[in-house]
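Asker: Chains as they are written, first to last, in our numbering: chain D, 1 to 309; chain F, 1001 to 1336.
No lab work stands behind these hints: they were computed from the structure. In this text, all values refer to a predicted model and were calculated from it rather than measured experimentally. Glycine included, C-beta positions come from ideal geometry on N, C-alpha and C. There could be a bad hint or two in this list.
Claimed, not checked - Pair by pair, the computed Cβ-Cβ distance ranges are:
(1) D/Arg3 to F/Lys1035: 27 to 35 Å
(2) D/Arg122 to F/Arg1241: 42 to 50 Å
(3) D/Asn42 to F/His1066: 53 to 61 Å
(4) F/Leu1146 to D/Arg122: 31 to 39 Å
To be verified - Reference excerpt, derived from the structure (chain F facing chain D, CB under 7 Å, subset only):
(5) Ile1151
(6) Gly1179
(7) Ser1313
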Amino acid sequence: MVRYIIGRIGYLIVTFFIIAALTFMLMQLLPGSPFNSEKLTNEQIEILKDQYHLNDPIAKQFINYIGGIFKGDLGVSFTYDGRPVTKLISERIGPSAVLGIESTIVGTILGLLLGIIAALRRNTYIDYISMIVAVLGISIPSFVFAGLLQYFVGVKWALLPVAFWEGPLYHVMPVISLAVGVMATIARFMRTEMLEVLGQDYMTTAKAKGLSSVTVVFKHAIRNALIPVITILGPLVIGLVTGTLVIEHIFAVPGLGDQFVDSISKRDYPMIMGTTLLYSALFLIIILVVDLLYGIIDPRIRLASGGKD
Amino acid sequence: MNMPQDHITEDMFKPVALGSEQNEKISKPTIGFWKDAWLRLRKNKAAIVGLVFIILIVLMSIIGPHLNKYGFDDQSLDRSNLPPKVTGLGWLGFGGVDAMSGSDAYEMKGIKDHFWFGTDTLGRDLWTRVWQGTQVSLIIAIVATLGDFIIGVAYGGISAFYGGRVDTVMQRFMEILIGIPNLILMILFILWLNPGMESIILALMITGWTGMARIIRGQTLKLKGQEFVLAARTLGSKDSRIIWKHLIPNVLGQIIITTMFTIPGAIFFEAFLSFIGLGIAPPNASLGSLNNDGFQNIQIYPYMAFFPALILSILMISFNLLADGLRDAFDPKMRK
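Throw the hints in and build the complete structure from the sequences for me.
Answerer: And the structure:
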């Protein structure tokens, strides 16, 4: 186990290093510089370039860049008057984190409920309706859903604030928009797992020894069905981050995703690269944690195949 | 009257010689791979509905842009922001009535023609643009999926078939690529190549083929050790014959299922990239860019967002339903 964990962390570091190298290469390839302002004279630009070590050889710049990443220095934004990227990110990360966590919680709870009820009432209208909801939730892109929600609930019926991030009511629509996808994915997965567990012999045994149906469902079925659900949390979080980019943009949430989209449209490369690295680190760590967690919770799959399949 | 049995003597009976050949003969026609899958798919109503909608949308994306006289980039500010109008469909909201003023926008601007889906802020016909955009989105999704398929099958197949060191090296490389999140790789790639149809297709391909490669490798490894492959090898079959006649037919179901799930994924990512400003550049349109344009004007001109959103959603739902149905049809064991 320890060897496996060390191996996985090694992979994580190599992958992150490759991503960092790719982003650095891209920065060299792409046009533009932080000092393109017409007010600056050539001499001033040279001074600024010296100040930010942009005249050093590429190899040295790369070492500085990698070193900077570990020190939390991601360079200087092109558009925000040379403010450091790290500072801009830290100002924006709060709302995104809140939005992400709220959506995960809401989506997971609703998804589990929907999946469990659908499995227990298999082939009834409740099951069919749940699964139709799930297919819609998986299929309809979050930005389409968010746009419609904003138009009807926010603009036409004026039930909730249309945009911005100023209080609990402002959270409702963005959280729903993001949670729908999470809910749908978990509901489908949970239903499958529940049906699988409900067909197992130990369920018959539990019923045969006279346990109440509540105990059977809660202690035996749901607990066993929950284990594999952990495996989809990794892809789900990645999907959620993808979602925040557009959802924050639509609802004008002052978060990292909105800023990322903004920096893409302004081609603010240091900002794009900084955020990219942050997202990559987040993804890599989440996937690692999910894999390790799964191995710990379910000893049956303990790394017989190095965690594959 | 003679009793009937008087005429029946024992020597009138003789055994019918049933050769072993006839004995083995199956009286009903055999059901092939495709027919078997189709028979099972046909029973899945949701999948059939999905299939019908996909066929309709594909047809409309081909003929739709030619059904009226407007090109997808014909601009005219005289006829901008016109709501949809179809003769006889006024009760459905196709009356050409402006949502703000409540009067016929066509009369106000003195326009005699009818725009079935309305026009956008530059006066371009949305009917033409929506179907043109659908076409672009579908082409991107299908070409990217085809690329995934070719790279994935070749990579996964070679890796598993030859095994050993080849497999190890190829798997290490792939693990690192899988480690890089799709979204990040796509964004970096498109920033480098500049947004456009080709760069989106390439970005989708670079991130998409690994799923197919993994499945093909897993399946091939499983099949490679089975008796019928061993038997074929013993009988002196060449590698190419084993691959084409034994391995590929057996993984075909898996390949089709994976492909069918890749298409809606590609449609989504194209729309997503267009939505964050890394997609198709104007005046060209895709479902993603039309959605983006539409939602920017949704408060005043809701119809601009409605049609692209509707088509995109129907397309995504249909592909997912069909893919689910195909998975059940090709691989009943995996039925979920």
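Asker: Give a verdict on every hint.
Answerer: Evaluation of the provided hints:
no., hint, verdict
1, D/Arg3 to F/Lys1035: 27 to 35 Å, "51 Å, violated"
2, D/Arg122 to F/Arg1241: 42 to 50 Å, "46 Å, holds"
3, D/Asn42 to F/His1066: 53 to 61 Å, "56 Å, holds"
4, F/Leu1146 to D/Arg122: 31 to 39 Å, "38 Å, holds"
5, Ile1151, "20 Å, violated"
6, Gly1179, "4 Å, holds"
7, Ser1313, "5 Å, holds"
Comparing the model with each earlier hint shows violations of hints 1 and 5; every other hint is respected.
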